[in-house]
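Chemist: Residue numbers (the working numbering), protein chains in the order written: chain A, 1 to 289; chain B, 1 to 279.
Among the hints, a few may not be true.
In silico DSS-like pairs for lysine-lysine, Cα to Cα no more than 25 Å straight-line [what the hints assert, rightly or not]:
{"#": "1", "chain 1": "A", "residue 1": "K58", "chain 2": "A", "residue 2": "K76"}
{"#": "2", "chain 1": "B", "residue 1": "K206", "chain 2": "A", "residue 2": "K256"}
{"#": "3", "chain 1": "A", "residue 1": "K256", "chain 2": "B", "residue 2": "K215"}
{"#": "4", "chain 1": "A", "residue 1": "K242", "chain 2": "B", "residue 2": "K254"}
{"#": "5", "chain 1": "B", "residue 1": "K206", "chain 2": "A", "residue 2": "K284"}
{"#": "6", "chain 1": "A", "residue 1": "K267", "chain 2": "A", "residue 2": "K227"}
{"#": "7", "chain 1": "A", "residue 1": "K259", "chain 2": "B", "residue 2": "K215"}
{"#": "8", "chain 1": "A", "residue 1": "K182", "chain 2": "B", "residue 2": "K215"}
{"#": "9", "chain 1": "A", "residue 1": "K58", "chain 2": "A", "residue 2": "K78"}
{"#": "10", "chain 1": "A", "residue 1": "K284", "chain 2": "B", "residue 2": "K249"}
{"#": "11", "chain 1": "A", "residue 1": "K78", "chain 2": "A", "residue 2": "K126"}
{"#": "12", "chain 1": "A", "residue 1": "K259", "chain 2": "A", "residue 2": "K284"}
{"#": "13", "chain 1": "A", "residue 1": "K256", "chain 2": "A", "residue 2": "K284"}
To be clear about the criterion: a stretch of chain B counts as covered by chain A if any three or more of its residues have a C-beta under 8 Å from a C-beta of chain A, and this derived list gives those stretches [claimed, not checked]:
{"#": "14", "segment": "56-66"}
{"#": "15", "segment": "105-119"}
The set of hints was computed from the structure by calculation and includes no laboratory data. Glycine included, every Cβ here is placed at the ideal spot set by N, Cα and C.
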Amino acid sequence: MDISLQNVEYRYQVNTPFERLAIKDVSIDIPSGTFLAIIGHTGSGKSTVLQHLNALLKPTEGQVVIGERMITPVKKQKNLKEIRQRVGIVFQFPEHQLFEETVEKDICFGPMNFGVSVEEAQKRAKAAIGQVGLPEEILSKSPFDLSGGQMRRVAIAGVLAMEPDVIVLDEPTAGLDPRGRKEIMDMFYSLHGTRGLSTVLVTHSMEDASRYADQIVIMHNGEVYKKGTPKEIFSSPEGLLKLGLDVPEVVRFQLKMEKSLSIRLSKTCLTMDELTDEIAAVMKRGTAT
Amino acid sequence: MTEPLVELKNVSFTYDAEAAYALNNVSFNIYKGEWLAIVGHNGSGKSTLAKLLNGLHFPLEGCITVGGISLSEETVWEARKKIGMVFQNPDNQFVGTTVRDDVAFGLENHGIERSDMVQRVTESLEKVKMTSFLNQEPHHLSGGQKQRVAIAGVIALRPDIIILDESTSMLDPRGREEVLETVRELKRNYNMTVISITHDLEEAAKADRIIVMNKGQLYREGTPEEIFQMDEELVKLGLDIPFPVKLSKVLREKGLPLSRHYLSEEELVEELWTSHSKM
Numbered sequence: 001m002d003i004s005l006q007n008v009e010y011r012y013q014v015n016t017p018f019e020r021l022a023i024k025d026v027s028i029d030i031p032s033g034t035f036l037a038i039i040g041h042t043g044s045g046k047s048t049v050l051q052h053l054n055a056l057l058k059p060t061e062g063q064v065v066i067g068e069r070m071i072t073p074v075k076k077q078k079n080l081k082e083i084r085q086r087v088g089i090v091f092q093f094p095e096h097q098l099f100e101e102t103v104e105k106d107i108c109f110g111p112m113n114f115g116v117s118v119e120e121a122q123k124r125a126k127a128a129i130g131q132v133g134l135p136e137e138i139l140s141k142s143p144f145d146l147s148g149g150q151m152r153r154v155a156i157a158g159v160l161a162m163e164p165d166v167i168v169l170d171e172p173t174a175g176l177d178p179r180g181r182k183e184i185m186d187m188f189y190s191l192h193g194t195r196g197l198s199t200v201l202v203t204h205s206m207e208d209a210s211r212y213a214d215q216i217v218i219m220h221n222g223e224v225y226k227k228g229t230p231k232e233i234f235s236s237p238e239g240l241l242k243l244g245l246d247v248p249e250v251v252r253f254q255l256k257m258e259k260s261l262s263i264r265l266s267k268t269c270l271t272m273d274e275l276t277d278e279i280a281a282v283m284k285r286g287t288a289t
Numbered sequence: 001m002t003e004p005l006v007e008l009k010n011v012s013f014t015y016d017a018e019a020a021y022a023l024n025n026v027s028f029n030i031y032k033g034e035w036l037a038i039v040g041h042n043g044s045g046k047s048t049l050a051k052l053l054n055g056l057h058f059p060l061e062g063c064i065t066v067g068g069i070s071l072s073e074e075t076v077w078e079a080r081k082k083i084g085m086v087f088q089n090p091d092n093q094f095v096g097t098t099v100r101d102d103v104a105f106g107l108e109n110h111g112i113e114r115s116d117m118v119q120r121v122t123e124s125l126e127k128v129k130m131t132s133f134l135n136q137e138p139h140h141l142s143g144g145q146k147q148r149v150a151i152a153g154v155i156a157l158r159p160d161i162i163i164l165d166e167s168t169s170m171l172d173p174r175g176r177e178e179v180l181e182t183v184r185e186l187k188r189n190y191n192m193t194v195i196s197i198t199h200d201l202e203e204a205a206k207a208d209r210i211i212v213m214n215k216g217q218l219y220r221e222g223t224p225e226e227i228f229q230m231d232e233e234l235v236k237l238g239l240d241i242p243f244p245v246k247l248s249k250v251l252r253e254k255g256l257p258l259s260r261h262y263l264s265e266e267e268l269v270e271e272l273w274t275s276h277s278k279m
């Protein structure tokens with residue numbers, strides 16, 4: 001399912017003294033199957049953009065096209081349920097939203113809300129728990145007896161069980177240890193491929209953005225500052241650094257090294273392998289001359 | 001580093017009598033003025049350790065001494081004056097309706113005189129550079145600013161030790177750097193002892209000493225140089241290796257004659273520069 005934000009503006013609490021412009025003139029295309037990363041500081045408008053992706057917010061200017069549906073400022077929206085089912089959002093610290101007696105009931109809650117039968121929901125729960133890498137035995141346990149990492153996976157399974165076409169992840173790895181982070185991201189990346197999902201990842205981690213995303217959007221002060229492929233985004237890191245944003249470790253190191261040695265490597269490296277090859281080449285060339 | 005400020009002797013603890021030990025026979029010392037990083041995967045026991053140090057729980061076996069006081073139900077209030085704790089979630093530790101009230105909260109609890117209190121509030125907010133936010137409400141602050149207020153609340157009580165229990169893990173990179181820089185300054189200027197419980201290995205690399213926890217046990221103790229020589233072993237423990245160490249390793253594999261594995265990017269660039277300019 002394609003999603004497209006077209007010149008979207010959003011103001012909170014319009015016509016009150018608290019009116020605040022959160023995002024303006026934001027245009028982002030998310031064709032079906034894209035892995036998009038949205039990056040920006042706290043307060044840059046990332047979360048506001050995210051809430052437009054399944055019509056939790058209605059733009060105050062511009063329009064959002066979600067599949068066949070068009071969300072505009074004027075139209076009173078009815079029947080948004082289908083959109084909510086097709087675009088699943090995994091919010092920050094989703095484990096805080098677990099509430100049921102058992103893991104199975106918690107996972108079934110979403111699909112059943114969308115009119116799926118108990119049997120079907122249970123079938124989906126079983127499949128989803130496997131997809132997030134947990135054993136089936138866990139289904140009968142209380143979610144509150146699980147570790148933090150397991151609770152997060154259960155919460156994610158709850159979103160997967162709705163069988164969305166688009167999955168939106170808001171800082172899915174915050175607070176996890178390095179192994180947990182890598183496991184969760186690898187899991188989303190493989191689900192993205194095998195289930196043909198579109199994935200939107202809102203993150204602070206430049207490493208994850210450059211490793212997993214096809215497209216990156218940088219938000220700054222409520223506007224799209226830059227968009228492009230990881231290569232395009234990180235080939236001029238100076239601008240990002242000026243905004244106080246990080247760049248991937250590899251890019252940062254290349255920049256430091258180029259400055260110190262007064263050289264330019266032949267390209268912007270995004271992986272450890274590319275970078276070390278380039279450095280090795282420079283150093284060896286040096287010895288030869 | 002002479003007399004230990006905190007001593008743990010054969011400490012064990014469990015939350016649930018039937019489950020495995022959350023901490024199993026852990027012993028180590030913490031010395032005045034050091035920055036000690038405690039690292040380990042989720043569930044390795046490092047947060048339990050923090051809760052025991054601050055007397056939120058007590059050891060099932062073994063004992064903890066803080067500044068000469070053996071921790072128990074009776075002594076916990078005395079010991080807590082020496083240790084301040086900053087927790088993970090900035091939104092869960094703001095109790096006042098303004099920045100000023102929030103910092104005053106702990107002082108009120110300790111029955112500090114009003115005149116003294118007013119002075120300490122200003123003083124500690126100066127130390128974390130938050131004086132311009134005195135009457136701000138918490139929801140107007142960023143995560144990093146909230147954590148700095150939490151730190152002010154802690155240092156207003158003038159503890160010897162500050163424990164950061166994953167205090168930067170919910171912050172964005174800018175907030176994280178803000179908080180760490182604040183703590184570094186406190187350590188530098190007031191000889192504060194810092195215990196930082198963290199997943200962030202770049203941060204741990206800057207500590208004086210690192211303790212690696214695994215499955216409730218103290219797995220290894222050493223300087224950052226010693227710990228990061230563990231290399232793949234760290235990855236097996238669910239941790240990671242800091243970027244400069246990883247990079248030095250791969251460069252060596254690709255035939256560059258680096259003299260060692262570097263913990264900082266600056267040092268690594270330095271060596272590359274030196275060998276490059278000799279060419």
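Chemist: Each hint: holds or not?
Modeler: Cross-check of the supplied hints:
1. A/K58 with A/K76: OK: A/K58 and A/K76 at ~9 Å, within 25 Å.
2. B/K206 with A/K256: Holds. B/K206 to A/K256 sits at ~19 Å (cutoff 25 Å).
3. A/K256 with B/K215: Outside the cut-off at roughly 38 Å; violated.
4. A/K242 with B/K254: Given pair A/K242, B/K254 is violated - Cα atoms ~33 Å apart, limit 25 Å.
5. B/K206 with A/K284: violated (32 Å)
6. A/K267 with A/K227: Within the cut-off at roughly 19 Å; holds.
7. A/K259 with B/K215: Outside the cut-off at roughly 44 Å; violated.
8. A/K182 with B/K215: holds (20 Å)
9. A/K58 with A/K78: holds (12 Å)
10. A/K284 with B/K249: holds (17 Å)
11. A/K78 with A/K126: violated (32 Å)
12. A/K259 with A/K284: holds (19 Å)
13. A/K256 with A/K284: At roughly 19 Å apart (the allowed maximum being 25 Å), A/K284 and A/K256 satisfy the hint.
14. 56-66: violated (count 0)
15. 105-119: violated (count 0)
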